[in-house]
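Numbering (my numbering), first residue to last: 38 to 253.
Just so you know, not all the hints are guaranteed correct.
Unchecked claim - Here are the simulated DSS-like cross-link-like pairs (lysine-lysine), alpha carbons at most 27 Å apart as the crow flies: (1) K206 x K220; (2) K152 x K134; (3) K167 x K127; (4) K167 x K143; (5) K167 x K40.
Since the hints were made in silico from the structure, they are not lab data. Nothing here was measured: the structure is a model prediction, and the numbers come from that model.
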Amino acid sequence: MPKTRLLLVDDHILFREGLSRLLASEPDFEIAGNCGTSAEASEILQRTLVDVVLLDFDIGTDHGAQLISVARNGGYTGKILMVTAGMSAKESSIALKLGASGVFLKHNSPVSLAKAIRLVVSGEMWVDQKVIQLMAEEVHRSEETAVGPLLTEREQQVLQGVFEGLANKEIAARLSVTEGAVKNSLQQLFQKTRVRTRSQLVRIALESSLGTPWKR
């Protein structure tokens with residue numbers, strides 16, 4: 038089975054080198070390169086096969102969002118996972134809109150990072166629970182959100198549960214309804230947003246929480 042080729046982009050060389058060694062010890066990973074600037078990363082992507090870019094949001098004077106945009110415009114079709122000490126709700130939304138597959142916070146373990154990488158390689162998203170909570174709080178703070186006119190109160194409550202990573206049974210217990218009622222609300226959310234999975238629903242919800250309209 039071919040290995041997943043990784044590019045690490047982080048301006049902290051000790052962190053970058055240490056993480057490279059840890060990930061290289063995984064049987065299904067291979068380090069395609071590591072660097073500390075957007076310019077170096079762009080050069081590597083042009084001449085080297087990379088499956089996943091592990092990208093810090095703050096790279097010296099650059100921002101990871103700039104590299105995402107440059108990479109996508111340059112034809113890079115692989116995955117990009119933000120690996121960062123912290124990102125705001127707005128920064129996270131921008132990264133996801135530009136094509137990142139998730140946000141992983143550095144306080145988590147290397148085992149969790151390996152899991153996140155494998156998840157995004159499979160086509161799913163990884164968004165750290167702390168980032169999700171920031172986005173959920175942004176929804177609550179907003180007096181007027183784009184989802185409001187399009188979602189019923191029950192659908193918004195179910196969406197909040199999805200934000201928090203709750204299972205259908207847990208959402209049902211919170212709302213004092215049946216699990217079937219939660220499933221029905223989820224199906225309505227999928228239809229209104231034209232997505233098929235909870236991961237895709239989270240992506241759309243994260244974006245809309247900052248003012249991006251839901252697509253009818």
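Ascending list of hint numbers which this structure does not respect: 5
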